[in-house]
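Enquirer: The primary structure of each chain is shown beneath.
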Amino acid sequence: MDLVLQLLFTGIGIGAVYALVALGFVLIFRATNVVNFAQGEFSMVAAYLMVVFAVDLGWPYWLSFLLALAGMALLGVIFNLGVYYPLRHRSFLPVIIATIGASILLANSVLAIYGPQPQVLEGWFETPGIQLGPVYLDSQYLLIIAVTIVLVIFNYWFFEHTMLGKKLQATSQDKEMASLLGISVSAMIMITFIYSAVLGGLAGILVAPILFVSIQMGSTIALKAFAATIIGGFGDVAGAIIGGLALGIIETFGAAYISVPYKDGFAFLVLVAFLVFRPQGIFGERVAEKA
Amino acid sequence: MSAPSENLAVPAMAPRGKPLLLRHLPYFAGSAVLVALAATVQFDGYIHNILMEATTFAIAVFGLSVVLGLCGQINLAQAAFFGLGAYAVGLGTSDYYLSYWLCLAGGCVIALLAGAFLGMSTLRLGGHYLAMVTISFQQIVTLVMINSIWLTHGPDGVSRIGRPELFQSSQSYLAFCVAMLALVGYVVWHLADTRLGRAMRAVRDNELAAGVVGVDVFRTKVIAFALCAVLGGLAGGLFAGGFAYVSPDQFSFAESVVFLTMSLLGGVASPIGSAIGTGLLILIPEWLRFLKSVPGLYLAIYGLSVILIIRYMPDGIWGFVKLATERWWLKARALAAGPALQLAPAAKGGDIVLSVRGLSKHFGGLKAVDNVDIDVRRGGVHALIGPNGSGKTTTLNVLSGIYKATSGTVVLDGTDMSDMPPHQRAAAGLGRTFQNIRLFRTMTALENVVIGAERPGNTLTGKGDDAALTARAMSALTFVGLGSRANELISSFSYGHQRLIEIARALAANPTLLLLDEPAAGLNSSEKLELHALLKRIAAQGLTILIIDHDMTLVSEAAQHITVLNFGKRIADGESLSVLRHPDVVSAYLGTE
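Protein sequences appear in the order of chains Y and H. Everything in the first sequence is counted per our numbering, starting at 1 for the first residue and increasing by one. Everything in the second sequence is counted per our numbering, starting at 1001 for the first residue and increasing by one.
It is possible that part of the hints are untrue.
Unchecked claim - With a straight-line Cα cutoff of 20 Å, these simulated SDA-like cross-link-like pairs (lysine to any residue) come out:
#, chain 1, residue 1, chain 2, residue 2
1, H, Lys1367, H, Ala1340
2, Y, Lys263, H, Ile1140
3, H, Lys1322, H, Arg1441
4, H, Lys1528, H, Met1552
5, H, Lys1322, H, Ser1492
6, Y, Lys263, H, Ile1146
7, H, Lys1528, H, Gly1481
8, H, Lys1404, Y, Gln280
9, H, Lys1404, H, Ala1192
10, Y, Lys263, H, Asp1205
11, Y, Lys263, H, Lys1367
12, H, Lys1536, H, Leu1554
13, H, Lys1348, H, Gly1380
14, Y, Lys166, Y, Ala146
15, Y, Lys166, Y, Ile183
16, Y, Lys263, H, Pro1155
17, Y, Lys175, Y, Phe154
18, H, Lys1292, Y, Tyr114
19, H, Lys1528, H, Gln1435
20, Y, Lys166, Y, Ile194
21, H, Lys1292, Y, Gln280
22, Y, Lys167, Y, Trp157
23, Y, Lys263, H, Ile1149
24, H, Lys1404, Y, Asp56
25, H, Lys1536, H, Ala1340
26, Y, Lys263, H, Trp1150
27, H, Lys1292, Y, Gln117
28, H, Lys1367, H, Ser1407
29, H, Lys1322, H, Ala1192
30, Y, Lys166, Y, Asn33
31, H, Lys1348, H, Glu1255
32, H, Lys1292, Y, Tyr195
33, Y, Lys175, Y, Gly165
34, Y, Lys263, H, Ser1148
35, H, Lys1292, Y, Leu111
36, H, Lys1322, H, Asp1205
37, H, Lys1292, Y, Trp157
38, Y, Lys167, Y, Tyr195
39, H, Lys1322, H, Glu1488
Honestly, the hints are just simulated from the structure, not real lab data. Being a predicted model, the structure only gives us computed values, none of them experimental.
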């Protein structure tokens, strides 16, 4: 029982990271109808930026954190202008291929600059964790869960209760109508890319002290996050969060009770099971193309 | 629209070409020369390895040209399929002492099964699912190769891989691989012009329209994907025999990216492009060896190339060259007009050709179509009208199977097709056009109409060989007045002409019932008159038409029978003039006082 509780805590912590990245996926998908295959690389780049600022240059953790997020915002702008925007009138296949190209470019540029050796990033807190009854609560996991809860609340408030959030929603639902109402669609799409790059970056910075900072972390996280969005229901915000948590828990239990080396394979099995038996996910609804 | 005089076409069959094998003789002669060269010229080991790699990689990239180029579906796990074939040959010959041929065939079968399974679980869904699932599959295969040491030897890889008795020397084995390359290249090259290849291109250009003209979209996609996987497996098996040693890093995601880049660079739509792309991306890195000294730099450049190719050269090198030459080549090749179009709609059932009972379609709480009955009499023009948002187009989409009905039955000429998907309804004799034109945009007018003529169940195309299909398609194009422009690409036609091509595509299929969704929308007044004349000529041949339109002049003159919908319900039904004077109809259109 103690082990189960401990695993549950770990699973929720790692699941929260998947949920954050999945949220970034969903936001871009809703705004542009495109799946951004470089979403995971946003997390990886942010973690490396942290390593550069906090470890290599030895700047304070909070300053490095803010600089890394600012860097991610800049990357979001460049990504939109260089990859998505020129192809916005093309069909979805070229755009997907371009984002895959971008993902390869980002991962391997970092590899070329930093080399294959995984890097270590310290956690935010000095205290490693606290013992609560039978369960040991690692401070970094607690931080991840807390940040995710805050962000989910912020996300809700932002999209439902601010003018900018409503404009973003309008853009994602009907671009033509939004532009007729005086909303600048290209500005809204730019904001979406910045926001999801920052979200992805945040997830990467939070998870970096638990995993090693490595080139592969991006694609690993992205695959899990994508599986999470399918499990939750494609394009659904609540679905992405529930799916991310579910996947984190499944994976942690799978690693503990079945096999450690195949830990990353469980996401795939769950994914295929959902595709075969419930492709619309837990919350989602498939919408037919209009003839 | 062009002059209708073209319809008085001379009844002449399209000329029967020389037998296929004879026309393609130069290809086989060229291949034989290449095989002979590979078998006789002495290469040093370095050159030999490059040739070996290029030959086997090209076969794997041919697979991508089928799935991505022809069918428009993505595969980011080609290196995994390549690896399955390679490990089947590697482990089979070195650990289990099985025959090379058995292992090669086994590798192809394993790749086929894996590809078919992935395809069947994913291809009903959107393209981004396929991209992610193939990446996941790629990762799983790599995980198994590295971690299942008892089976795969783990990171050490497999060595002492055998070759067939017949091709023990490196030289003869290379010649064998070149022969395989030529064979696969021929199949892939020829595939585009077969029925299956046309179906793949139709799916790539417009899935909805492909289903409606009788293409089983899901099956076509699964076949394309499985074919790609098999070619990957075959290529991997040949590769393993060629190098006698394989290890997991040769089949990683990075290699899948290399395959994808090769295919995009050369031009994804053609095996010639694949060969060019493969050759370049094997040679260029050999020339720029210094790049390999920095890990990652190489792939970073590949990633950047993918973005740049997609943006500036979406059809690749070969596509670029081909576009320039094809335009004049196609125009220069005139086609015989084909015999006058015959329409012989099937007539198995009674007087009522289409019987719709209690048809409903609800979207959540919205009742877009609510308990509608329609009876369409044989041989007439029946109009379905109603104000905007009354459920007309939804009804048509439910009739053609694009939407699944919430309840109700649809019987066409005695066949209950209530539960059929679009392509089966097409096979049962239902033809349709779309309000917003849905043609296969990268194909010529003729190719579009040939796909229509290929409808399963079309009795007028004889054995269905190419000559008969082309003749049928030419007849249909001539019937709508566009026979002389058959070989032009869709993009060069005006909006009104594209409408006519869509109608020709439906007519070539010789349907039992033709559904026309707002055919007059967007046409100017003279084009409308010509459309009216065309409808008369169609009806004169006994084909039943169910038409939706807003143009009341067209509807009242063309239709004998009218059904009126409002808010998803049928509010009037009967003979044209009396329906148009019906007080409910008048108030639905003009409002009440």
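Enquirer: Which of the numbered hints above does this structure break?
Expert: 1, 9, 10, 11, 14, 17, 21, 24, 31, 32, 37
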